[in-house]
Structure formats: structure tokens, C-alpha cells
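Given the coordinates of chain A, assemble chain B onto it according to the supplied hints.
Protein sequences, first through last, are from chains A and B. The opening residue of the first sequence carries number 1 in this note's numbering; numbering runs sequentially from there. The opening residue of the second sequence carries number 1 in this note's numbering; numbering runs sequentially from there.
Mixed in with the good hints there might be a few duds.
[Claimed, not checked] Each computed BS3-like pair below joins lysine-lysine, with the alpha-carbon atoms no more than 30 Å apart:
| no. | chain 1 | residue 1 | chain 2 | residue 2 |
| --- | --- | --- | --- | --- |
| 1 | B | 635 | A | 187 |
| 2 | B | 635 | B | 356 |
| 3 | A | 146 | B | 19 |
| 4 | B | 773 | A | 103 |
[As the list claims (entries may be wrong)] These stretches of chain A come out as covered by chain B in the derived footprint (C-beta under 8 Å, 3 or more residues):
| no. | segment |
| --- | --- |
| 5 | 132 to 145 |
| 6 | 200 to 211 |
No lab work stands behind these hints, which were simulated from the structure alone. Backbone N, C-alpha and C fix where the C-beta goes; we use that ideal spot for every residue, glycine too.
Next come the chains, spelled out residue by residue.
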Amino acid sequence: MTEAKADLAFTLEEATAKISDLIGAIPAVLTEYRCPLCEKVFASYADLKQHYAIDHVGAVPPVTVMLTLNGKNCEVLIEPHWTLKRTLQFRLGLTGAKHMCDKGVCGSCTVIMDGRAVLSCQMLAVECEGHEIQTVEGIAADPKWKPLIDAYCRWDAMQCGYCTPGFVVSAKNLLDHNPNPTEEDIKEALAGNICICGTYPRHAQAILEAVEKMKEGAVTNG
Amino acid sequence: MADLAGVNGQRENFRVVGKHNLPGKLSYALASGVAKFGIDYALPNMLFAKFLRCPFANAKIKSMDTTRARAIPGVVDIVTWEDEDIKALGQSPFGPPTRPYLDNWGDQEGAEVGAIVIAEDEDICEEALRALDIEWEELGFAIDPMDARKEDAPKIRQVEEVPDMFSRPAPKPRNKNVTYATTIQGDIDQGFAEADKIIEYDLTLPIFASHMPNPPSSVAWWEMDPYHGDTPDLHIEGAVQRRESVGRMYGMSNEKTIQVGVFQGGKYCDWGMRKSQEITPLLAKRVGRPVRCANTREETFDFLMNKRYMHLKVGFKKDGLITAVDDYSIADNGVYGNSSFGAAGDQGYGPYYTLKCLNIRQQMEIVDTNSGKMYLSGQHCPFNWDAGTMAIYLIAEELDMDPIDVARKNLHGPASQEDVGPVPSFEACVAEGTRRTGWQWHKAGTKKLPDGRMHGASFRYQMCPRHAFSGYECKLELRDGEVHFPTQGPCTGIFAVECNAMVIAEELGLEYEDVHIDFDFREKFTPVGGGSDGSTASSWAMKECANILKGKILESALKAANNPPPPSMFSFGMPKKENPLKGHTVDELDIINGCVCLKADPSQGLPLKEATTENIFATFSGRPPTSLWTMGMGKMLDTMNALFCEVAVDTDTGEVEILRMTAVTDPGKVLRPTSFESQIDQVMFFSQGCQLLEEYVYDPKTGVKLNNNMIDYKKPTIMDVPTVDTKYLETRSGNAAYGANGISHSLANTHALIIAIHNAIGVWVDPPATPDKILKALGKA
Numbered sequence: 001m002t003e004a005k006a007d008l009a010f011t012l013e014e015a016t017a018k019i020s021d022l023i024g025a026i027p028a029v030l031t032e033y034r035c036p037l038c039e040k041v042f043a044s045y046a047d048l049k050q051h052y053a054i055d056h057v058g059a060v061p062p063v064t065v066m067l068t069l070n071g072k073n074c075e076v077l078i079e080p081h082w083t084l085k086r087t088l089q090f091r092l093g094l095t096g097a098k099h100m101c102d103k104g105v106c107g108s109c110t111v112i113m114d115g116r117a118v119l120s121c122q123m124l125a126v127e128c129e130g131h132e133i134q135t136v137e138g139i140a141a142d143p144k145w146k147p148l149i150d151a152y153c154r155w156d157a158m159q160c161g162y163c164t165p166g167f168v169v170s171a172k173n174l175l176d177h178n179p180n181p182t183e184e185d186i187k188e189a190l191a192g193n194i195c196i197c198g199t200y201p202r203h204a205q206a207i208l209e210a211v212e213k214m215k216e217g218a219v220t221n222g
Numbered sequence: 001m002a003d004l005a006g007v008n009g010q011r012e013n014f015r016v017v018g019k020h021n022l023p024g025k026l027s028y029a030l031a032s033g034v035a036k037f038g039i040d041y042a043l044p045n046m047l048f049a050k051f052l053r054c055p056f057a058n059a060k061i062k063s064m065d066t067t068r069a070r071a072i073p074g075v076v077d078i079v080t081w082e083d084e085d086i087k088a089l090g091q092s093p094f095g096p097p098t099r100p101y102l103d104n105w106g107d108q109e110g111a112e113v114g115a116i117v118i119a120e121d122e123d124i125c126e127e128a129l130r131a132l133d134i135e136w137e138e139l140g141f142a143i144d145p146m147d148a149r150k151e152d153a154p155k156i157r158q159v160e161e162v163p164d165m166f167s168r169p170a171p172k173p174r175n176k177n178v179t180y181a182t183t184i185q186g187d188i189d190q191g192f193a194e195a196d197k198i199i200e201y202d203l204t205l206p207i208f209a210s211h212m213p214n215p216p217s218s219v220a221w222w223e224m225d226p227y228h229g230d231t232p233d234l235h236i237e238g239a240v241q242r243r244e245s246v247g248r249m250y251g252m253s254n255e256k257t258i259q260v261g262v263f264q265g266g267k268y269c270d271w272g273m274r275k276s277q278e279i280t281p282l283l284a285k286r287v288g289r290p291v292r293c294a295n296t297r298e299e300t301f302d303f304l305m306n307k308r309y310m311h312l313k314v315g316f317k318k319d320g321l322i323t324a325v326d327d328y329s330i331a332d333n334g335v336y337g338n339s340s341f342g343a344a345g346d347q348g349y350g351p352y353y354t355l356k357c358l359n360i361r362q363q364m365e366i367v368d369t370n371s372g373k374m375y376l377s378g379q380h381c382p383f384n385w386d387a388g389t390m391a392i393y394l395i396a397e398e399l400d401m402d403p404i405d406v407a408r409k410n411l412h413g414p415a416s417q418e419d420v421g422p423v424p425s426f427e428a429c430v431a432e433g434t435r436r437t438g439w440q441w442h443k444a445g446t447k448k449l450p451d452g453r454m455h456g457a458s459f460r461y462q463m464c465p466r467h468a469f470s471g472y473e474c475k476l477e478l479r480d481g482e483v484h485f486p487t488q489g490p491c492t493g494i495f496a497v498e499c500n501a502m503v504i505a506e507e508l509g510l511e512y513e514d515v516h517i518d519f520d521f522r523e524k525f526t527p528v529g530g531g532s533d534g535s536t537a538s539s540w541a542m543k544e545c546a547n548i549l550k551g552k553i554l555e556s557a558l559k560a561a562n563n564p565p566p567p568s569m570f571s572f573g574m575p576k577k578e579n580p581l582k583g584h585t586v587d588e589l590d591i592i593n594g595c596v597c598l599k600a601d602p603s604q605g606l607p608l609k610e611a612t613t614e615n616i617f618a619t620f621s622g623r624p625p626t627s628l629w630t631m632g633m634g635k636m637l638d639t640m641n642a643l644f645c646e647v648a649v650d651t652d653t654g655e656v657e658i659l660r661m662t663a664v665t666d667p668g669k670v671l672r673p674t675s676f677e678s679q680i681d682q683v684m685f686f687s688q689g690c691q692l693l694e695e696y697v698y699d700p701k702t703g704v705k706l707n708n709n710m711i712d713y714k715k716p717t718i719m720d721v722p723t724v725d726t727k728y729l730e731t732r733s734g735n736a737a738y739g740a741n742g743i744s745h746s747l748a749n750t751h752a753l754i755i756a757i758h759n760a761i762g763v764w765v766d767p768p769a770t771p772d773k774i775l776k777a778l779g780k781a
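Excised from the complex, chain B in its bound form:
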């Protein structure tokens, strides 16, 4: 059992942790419509701002005349890239470091370029934008990485190298639009020489727009506060988790950058900021009034999973043991940014390192295009995972083996790639999954259902990756006998604050409802960092903090018992009640049901409020011990998960019905089951959307986006998605609180459906597998 370093990591009895149906601390604000997101703020005397957007896939403004636009009633100000304050503006934390914040170059359709209009309302902004007299110079463009990598393609980026989100430099060498990344382990020539069979196949991952529900927006204003010196404070709503970063763009300290809102909306690992969230302080300073800048849905239709072409060559023995893997990818890198997950960073750790095979080569071309910006990772399936899943499937097909057996044959043990022992978590997930589904494997195109449709199935395993490498600055307070948990939030939908509150309640002998959350942007603590692995890691640190607070409370209660204050004139001679804690030691005390009491006799105790009146603080800075998986970066294995998928394909209509999705996961220990189950619902929703429905379409002639709206880009509705059969196991082998580690987005965007469709009809259909594409693959359209 992991979590050996933490206090009570081996706890066996849980009262609060693991309990279902505890409402989120801010769920009532959300469900009632009280919660405000950046786009919701409307202040008195507020002005509106809009960016000029580039109408071309790649173009520069040669000249701009703002005269007609400025003359429109209601236009207050027009800022252009030539204004000194825009030129002086520091770059956004996620912007290209060597380009100005705003310039005359629009390197994708919809890019903010050249000018910003401030007016009394948005209609006037738009009218003024239309009235700008602009001479454009259209430039060559390339939307698809296969086009952008050609010798005659136009050069996309001015900047040669752009660091990724962790400030790591872009990989080298570089050739015009392409950077190359290669990792090699072992000797792949030798590996292929040892193989009995070799298979090669291609796989395409399309662009996926798992866009934020709330179009990014902000409102900013400047205001004097006599308690904060003689310069105005910056107030901004809508910057949410990047409040400090936006403040720094304007030279403002954390203390003087004020934001009270905590609701961030869904991010799905898109941690990039939009200019609409950053520009309002500058505009508000210019006009002396609050300014709001909001993106429209169309302006927010960013892709979060980049397009990728993959070619895989796999050598294997007759018994299914893989001897060599040669993986070649061509990945879209967009107009700026450098996603460490979507591109080169995938190679450091991935599916192949779960294999016993020691001969692995991964080569990647990371290609700049005019398709869009790379806003960091996106909620994608990381690490070329599904190329590996397809390898397992194709070997199974070739050898007429169950893919579970192929996976088991190739998966190395927990300790290293040389470890031939089983991974206990994998075996537990497989045993549960096969039992729940009545798993029976069949070869592609061989099983017809009674209604005439073809049946297909797929199996996929993955480890639970860990991205939570940050430390946590925890603070807890006992105030007036109640426990307060100060945090800056934000509220993103992963219920991370709640996991922490549950652990605090567990350790302090309280109920969940007894833990008061004090949201304050000035606080250092934030429970995020990674996905659900961040919640469990922060909960580990908070567990330590809670136990420090507990020790202080017990000491204080004992002090009060042994040294009570003298009778005051207001006691009117009434005898004081005997304190049951008097004369005991700290070791003899505990907190149970909100009372400080004797361990030996919990009926002898006092409620917290009576046990001590002191104002007590506890702090803890730290992180859980590094997980086994992180230490090995994929070459050591702890918690795993398994997915079983079954579909029915109608070969007359091309329609796919998901018959069953069963996810058996081992997050180590589930802290908050309701949100854990919900997390699986979410990744399955993403998977179904991107594999069956969602397709981002560009006009090849102009490079303009054709369906960046929710009518033409089809997201699944409640009618489209089946209920996922979810089962979680708790091997408690994770590194965070009580052996938890979360599953992060290990099940997201799986190729499970695509493989199951192949298993049904015997031909490959690239995602999204829409009916027309299935019929075409079958030669019927």
C-alpha cells in the first residue's frame, strides 16, 4: 500500500472520504444561476471592446484608416498596433515571446490583428470594425501539416523556436515549418530481425474542438483604495486562474490585482489565455471606465487536440511478443505555441514503455500551420497511446489471439521493462472487466447480431498518468471553534476543493459540512495541478496540514483544561463545569464528531467551540512522494485501467450504435466517488464525440474555418451517448492521499470505438466514423 510517507496514509476506516452525493461547495451557486463567469459581468458605466479579426488564413495589414470608424456615434476609442501603450504591453504568458502583443499580422483566420474598438455597446464595436478602411496583403498559407511540411509551402512562423508551457525550448533541428524530435531505445533493426512477423499501418487523428463552454471574457477597471497606497488597484474579473499573470502584464503586484470571481468554466487542460482576458486593463486605463471584452462562440472555437498522422511498424513473434516498434508521426503545431503533450513531449513516456519490448524508435515531425493556435495540451489521449492500442489489436487479429492476452504477453511488470511479473492493478481491472462484460473475443467481420448488424469489440489498457508535480502551500485555521480552509480556488468543475475538504473532515473528526471554505484570491493554496491526480496530490498535502492543526487544537484544548481562566466578575459566583480533559495528555485525546474527547472514553469531551477559544493556524508546504509511475516515466507501473467497448454497425446505413462501454479503473483510492464517476462520463463523452461525430472543417481553397459554430460542428447530446458502465477498484497503490492518484485523462479520446468498428466490419474508418465514411469504406458510397 502506497502513501507510506504521510500521516494516516494507511487509514482503514473512512467516515467522509469515499462518501457519495456530498454536494460541491459551490454547486448551489451554479445550479441556481447565481455563479458568475467572466462573460457574465456587467458593471455600471461599462464600455465594450472588440478585436479586429483576420478574415484570411494568413495576411498582413498594409495600411489602416480609422477615420470613418471613429466618427460613428458611440465609438469611444480605437487602439491600433501602432499605439505606444500596445507596443509597450508585455507579452501574455502563453503568447509568442518575440512578437508584439498585437501587430499587423493575422496568421490564422479569426486571429486578433491590428485594432481594438471600444464603444458604448458591442453592436457599435462591430459597426466600427466594419468601417475600418484596411488594405490587406494576403499571404500564402497551409492548414494541413502534410501541406505545410512540403518544400514549397510558405513559411508560417516568424519565430524560429517557441518554448512550451514549461519553458522548455522547442526541439531541434528545424527545417522551415518543421521541427524534428526523435527518441530511440535499443536497436530496432535487431528487433525487426528477431520478429516472425511485421505489420505496418497508418492512423490519423483529426482536430478535436473540445472548446470551453463559456467564451473567454473579462471586465477590468482601475480604482483607488486608500488601504493600498496612492496608485489605483487593478480590478479584473474573468482572468480567473491567471489573475497574477495578467496583473504582471501591467506591472501590478499580486496584492493590487483584485479578482473576486472564482468560476472558471470547463478548461479540459486548455490552459491558454485568450486576448479578451488580458487586454481589458489597458483599455480601461485608456478610457477611465470599466471595459468588457468578450469572445463570441465562433471566436472561441479553438481546437484542443491537434491533427496528427501516424505510421506504425511493429515486429512480433509468433506468440505475440513485440520485438520492435517504429513510430513516425506528423503533428500539427499551429501558428504559435508548442504543446508539450500534443507534440514532442509525448515521446518521453508513452504506450511503448509499458511493453517488454526494448527496441523502440519514435520520430516526430512537428509542423507549423495556419490552422490555429496550440493552447497547450487539450484533453487528448496522450502519448500516441492509440497507435499502441492498435498494435495490440492488429497482432491479435493476425495471430487469432484475444487482445487481452496479447496485452498481457507484452506488458512488463511494475518494477521495470525487464520485470516479467504481472501488474496487479492491470490484472484486477481485466478480471473485473471481463466478468462484467462476459468478454468473448472474435476476429474482425465474423460476428453478426440477430438483427443483421455486425458486432465489434475492442479492449484498451492504460496506466493512470500523473501530471501533478507541483507543491502545495496549505493553510488551515480554527476560528471561533470552526475550521476554515482558505483557498484561491478556482472552481473549474473537477471538485478539487471538495476532495481537500473531505480529507480535512476525515482527519479532524468533523463532517464535510463543518469545513468552511474561505475563497480569497490572495491565498496561496490552489488545489489544482494536473487532473484528478492534482486533487489527490493536494489532498495529501492537506492531510498533513490537517494533522498539524489537529495537534495544535489538542494542545490548546489541554492548555485550556489545565489552566482555565480565573472566574470573572460576570460568573456571579456560579461554579464552573469540570473540564473532562483536565489532567490528561495530548496522546490521550482525539477529535471525534466535532468534540475534543478522551480516546478511551469519547463520551468525555467538549465541542471544539468550548474546548478552545484560541485562533489557531496550521500550515504545510509540500507534495506527496513521487509516484512509481512518475519515477519510471512509464517504465514503472502502478495503477492501471481497462476499457471494453462493443458496437453494432449497420452495414446498410453506416450507423454505429454503442452497445456497451465498460470502464474499469484503479485510481488507487477514490476520494470523492460522485465526481470520479462523473470524470469517466466526461472522457467517454469526449471519446464518443471525436470518434463518431465531431469534425473540424476548413475550406481548402481559402483556409477559412467552415464550421466553427455549434450548429455545424456536432457535439453529442444526451440522446447520443450511452451510459458508461463504470467500476472502480481501489488497490491503494498510488502515491497521494491514502494511496490515491486519480486517473487524469487516461481514458480520453480513445480509439476504442474506431477499433471496435474495424472489428465489426473488417475495414478501417478514420475518425469521426460518420455513416457516410463507413459506407464509403465498405464500398457502398
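Pulled out of the complex, with its shape left as it was, chain A reads as follows:
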């Protein structure tokens, strides 16, 4: 065991490098199958199932699920009732989707699935197989969305920052569908995200600035 890795990032480039490390560390396929009840490790899923049949009679064995996450396929071993949120944190090491209410109310765990914002605390991971999932890490690491992240940081559209990734994902989802939102559009799109620090007035400023920057970037690059 070593010290928990420092999670500091002073620039978007530093944050992106950390995200790249995180996503890079996720294996595409499993090479070992750990029993969640006794921590024994098996070389194949079949061996694990056999272990259950012998040593944990009556217990429901974990299942393997192939997720498509931020453009990358990854196999995970989870229990069938695990949510996507839980899977992201405890199997894939991605903690951008946050646990706040765990009831589908606060939006802090928002991810995008097949182009639609969904609450990862309310999605079973087994339901996500075959769907494209994008988390805040994938958004932040995509240069296209640099103006959005920059604007959030410039406008302090965060205080403690715990709910911020959920807002960023909702904002990105809005701009995917409506690249020229009004302030009212922004409010409606973010109505499912709760910020207990009360940063609401800052989000529209940030998103509207990002829209302008993205337009300028499109002109420059176009």
C-alpha cells in the first residue's frame, strides 16, 4: 500500500493528464475474478461460479458486464444489483460522478448515456451494457469542451465543488442538443442539479461565456 495519490490539478492540462492515467488504468478485459464474499481470486469467471456453487451455496454470484465508457470498452465484475455509480467508483476508479442524495434528486452523479443525461445512482450497471456512457472525466479530457471547463473555473460556478461535475455533465448535455441556449434554457437544463452552496447564478454566466468561446473557436478552426 502506498499513500493515496494526490488528486491535485492546477490546470486543465494537469487534470487531463490525471484522467488519462485513470482511464488508461482500466483494463479492457478482466484477467482475474475476485470473490466478493471471501476475496479468493480465480483465473476465469467459470471458476468463480463454480466456487459459489461449492462454497457459497444459495448466494447470487456476481456477473460480468461489458461497458462502453468514454469511448473505451471495459469488462467489470459486479453484483447484479450494483448501480452504475457504484460500479464507476468501486470497479473503475472514476469518482467524478458523486454520491449526494442517492435518490435521483440532486444530479451530482449525472452521466450521459446514448446522448441523454441520466442519473448513475438510479441506473443498474447491467442495464448499461451496449450503451455509450460518457462521464465528466471523458468530457473534461475532450479538448472540444475546454471552453466549458474554463468558464466554470473562471466564473466560480462552484464553491466546495462537490456537485460541480454533475452540473458540467448537464451543461454539456444541454449544449449537445442546443448549442445556443438562452438563460431560461440553461435554468431548465440544470433544474435537476442541486448545489447546496447556492452557486446557481454563476452557471448561466459560465455556460453563456463557454458558448461564445466555442463559437469563436469554431470560427478560428473552421
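Quick look at chain B alone, frame taken from chain A:
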């Protein structure tokens, strides 16, 4: 202008301080999802732990059999209150000092009690908790302080006296669940005798759950480090600002209590630790693996503003001058803890001491209940402030005066309660606020809007309180030509590190981006202490430190210019460039745009990296001079703020729309405007939530919490809150950096909306003023 004691306190030209839109130093980590909070940590081979929670409002475990629970596959260990290592565990810094860390008594629903399960995952923990065979003895309970103060109420606390967060003893005398606190100034009988009129009224402040966004959690493990001796280090993530305190619970030194995470999440002045943040080191030691313990949202639904009943009697003259104030409060004190702000400490300084009136009595009953724990202050409106605001309003109603005129009539001057002169900051805030709002006062229930709704308005003033009494241990370093600012953090959302970095950049002639923050838990410096007044106070100390560093840099640069190293064999005979600083004195030098240069001709200079290669440190220990307000504890006034609120009330539906919220504040000097504006957004959000929406509900029959979740307890969303019209003034009359002092939470949880609703409909509605309560008050439901 204040800040007379500090270097450059009178600075007039600012390049960095006061600049908008400088990103927080760790904002990219937060926005990208890279930042980790206590609940986010997941380590290889990690186990999970959960406390048994009391299902009753007050109960004791008579017996517990863990046999069935231990037999569940995946259960690794079960710790009970009878285990020796739990018995030996030191008490948490905020726990009751005479109770064990864990015992068999659950004195509120949801209290950690009796047992902790450690298992391979949380589902197994919960299954094992359900499998514990427990015989409970239900005890009598009282949730509401009005019930708990009755003679026949059950006794709530075993402990008679519990010190507050500052180790001050609880007030005396005590009668079962009630302690009494009384402060008296002058002669209130004489004051009432002098009055032309007397008004009396009641006010209730409900429980407010401004809970932390991130449920408190920690992960701990023990590990040998050959550089740290022959005993293992304690590693803990999630203790954040209380790392040292948690380490001390386990006999660990600061050096051997290791925590690299700095993200703390929103605290809103809730500085209490939860057991989930403290217990993991013990559990990890027992099982030899990392252990995580996380609260759920329901387990974190603590109230941060205690319930309080207030009765106020005010005597006043025909011209509105108050002659006597008699304030009686009954405040919830919870099951343990003793909030110095939420209860007796409020009386030392408060709204009444801003008045010329010298006859003031404040009496408070502080009542223990089974409602919850008192986790220190909470982000409440301190000091019974809104009882005073209501007095101003009711006198205005009675005399048909503008409440601003009533306030002005009663507010004493800056120097003392006898000072009849105006408070410049108050007058400036009022002038700006009335101009922005087009302020026009009207009596209650007299103004109908064109759409048929009733219009209401309210005015409120308050001083900017100061809680930053701590000193600061500052250190700065020039390393390889770059300025480093070592700090332990934490990152709480108030951008306090950033304020300090801006001041460093200002004083050292650098840009904000040039100041490198070295987060390290071993560092002594932490920029917090109080609210925004803590940021400005630490920035004052850092300003001094920056100037010490600057002096050392200039001396070093001069030394290098006058005594350059001899040519080395690697200079290959190339002539060295003439150093433009050579032959000058320190007084003739400055640092501008990252270059050490001549004051007289800034084009003659060298970048820091070239001017000196020395590794230079500067330290400063201290705090700014005591503020005027602090010296008087409310009886001397410097910076003030004013709030103007307008609402429309639909008397058919009971709906309230906030038409305008205008906050004009004077924090002395704004160091970081983006976060200052954001701070006002935050307190307005709290105010709107607790006055219009948020209500904590208990089942009166069982004392069980009914809505401790985010579905049933309604927090405002972006659709609910209007944009606050914010204007800040800069009179620079504060005590901290450049005359700044912040506003702390002086605008939080105001009664502005409740008063404006009364002004609209002419009847009082206790918060939260939900439509059903408004219709009921109007006799329509």
C-alpha cells in the same frame, strides 16, 4: 482607512487584488471530476464498515447477540461497545467528554450505537446489522424544546455540563434539561417606564438542515515507512481539517498522521466531526486492511440551525427611539454539544448592541432534546438578529415610518452606544440600496400589484461580524526563481488560499498565476478561521510575509549583482552580461512584472530567476490588529450591510414570488470579487430555502425523523432562486488586508422574506412560509 499597522495597508493601486474571474487554484480538479472527497476513496483490498444506528428517539441496548451476524459470509469483524479497544478510544474533539466513544445508548434516532460491522462490502454490513439480535429498552424522549423544558419531561443528557467548541463551560444554573443564560444592561423597568408605546411579539425559527453535500466518510490504513521509525504510520483520507485531532485519538503524532487529500466539501460552519470520519483507524488496525466508513445521506441529515422560540418586548418613544428591549428565547440544544453561537454565546453581542438603547435584557433557556446533535454554529443568522429586525419593522408599522428611518434613529455611532453620529458604512449602504431599488415604503397590506397580487417589502441592516481571532503561521519560499506558497489547505469552497495568493502576487509584483501553491498536510499555515473575515485576516498576515520575502529577494539580488561568482571553466571566456542592479541599494530596487528592477527605471532589471539563484524563505507569525467591531463586541461599529427585499404574494394560492433581493454590502475591501459575489448568492440561497421551503419534520409520536432525505426535504433548485442584485462598497474600514474584513455570514437566514410577506398580507407566517401556511394565516385553509 484601517489596516494602518500593516505594510502597504494604504495601497491605492491594485493589479491583482480585486480582479474578477481568476480561477480557483483547484477549480480544474473540481470541475473535471479529478478531485476526491472522503467518500470517493476506494483502495485495493479495502473493507467497509457501518455503525448500528438507533431506530428510536431514545433507547438503550439491554443485550446484543452477534452470533447470527458473524456467520454471514463476508463479515470480517463486529466491534461492540464492550470491546476493550473501543472503551480505550479517546473521545472525539467534539464528542461529549464524559461518555464513551461508543456505548449502548442511542439518544436520537439515527445515533451511532452499540456496534460496528466490518465486511467485504456495504450490503453485507447492512445484512449483518439486520441480523444482530438486540433487546432494546425504549426510553422517554422529547424532540421539541417546549416539551423538553416541562417538569415531567424525561431527562435527556447524562452529562450535566458540556463545554462549547471553545471549551467554555455550559452556562449555569441548570434545571434538568434546561440551562439558563441571562445578560442585562441598564434598567429595563426604567426603559419601559420611559416608553410611549410597548409592543410584544413571538417569533419561531425552525430547524434548518443546511447539510454537507458530501456525506462524511473516511478511509484509513496503517503502513510502515522506514523514514518514520519502526512503528506504522496512520494514513487517513476524509478527516481533512481534523487530521491532527483524529491522529491524537490514536496517539499518533502530526508527522505520522498522513493525509494527502485537501477537498473538504461544504461545511457552512458545521465544524463537527462524524464518527465515520474518526473510527476507521481503529477498525483498520483490528483487521489489518484499509477500512472505509461512509455515512449515507439520511445519516448526514443533521440540522445546522437549531429550533428557537423567541418572545420580544420593545418599548419606544413616539419618534421611534427604542427605550427598552426584553428578549426571551428558548433554544434547542440537542443531545450533546453546546453551540456557542446557536445558544448562550449569542447574548454577548448582537443586534441590540447596535442600538442607542441602553436598557436591554436577554434571557435564554437552552434546552436539551433528542432532536439531534449540536454540531457547532451552523450557517445561521447569528445573535437573535432577526428579532431585532422585526422590532424595527413593527415600530415602523406602528408609527407609519419607513423602517430605514427607524433603524437610523436607533443605530448608534461608530465609537460607542452613546455615540449619536452616523455610521458611514451604514449610510453608504442605505444610499446605494435605496437608489438601486427605488425604495418606497408602504404599510402592511396596502399595496396591490396590477396583477392582483399583494406587494411586500422589507429592510434589514447588519454589521459584518468578525470570527477570525486566530493567528496565522505564514511561510513563503523563492525556489529556482519561483515563489511557492506552502499551505495545508483545506479546500472548502471559500477560496481562501486564492485570496492569499492574490495578495502575495500583488505585493511581490507578480501575476496570480506565478504564485505556486504547495499543498502539504505537514504545513502549519491554513488560511481559514471564521468566514470571509478569516480569508482577509490570513491575507493580512500573508501580506506581511510577502513583504519580508520581497526584502530578502532584493537583498539577495543585490548581493548577486555586486558579488557575482567568478567565471567558471564552462564560460569559455565569454564575457558576462553587465548586471543592471550592480552598485545600487535595496531602497532603489523593486519587483515589477516578475523582474527585480530599478524603481527609477523599471526597464533596467532581471527576471527573478536570473536576479538570484538562492533558495530564500520568509516567515511571519501573527494576526491583524483587532477590529473595531471586535473590540466593542457589537457596541462599536465599522463595516455594515443592508438588504432590501420585495415579494409578491398571491392571496388565492398562497404562492410567494421574490421580486427583488438587493444586497448592498461593505466588506471594507474586496480581495477576490468573484467569490465575494458568490458568497452572497450562497447566503441568499440559504435564506430563501429556510424561509420558503425547507422544513425538518419529526413524527411526534415516535420522535423519528420523517424527511431526512433530499426528496422529502425540499432544497431550492436553480428554478426557485432569483438572481440577487449585489453591490459591494469599499470603505476600507476593516482591520485586515487593505482595510478588508469580509462579511462572514451576516446575511444568512435573514427574516427578510418573512417580514416582506407580512408587509404584503398583514399577518405573520412562521418560516417556512409555504403556500398552505400562508392560506391558513389568511383564513383560507
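Those earlier numbered hints the structure runs against, lowest number first: Hint 1 is the one this structure does not satisfy, whereas the remaining hints hold.
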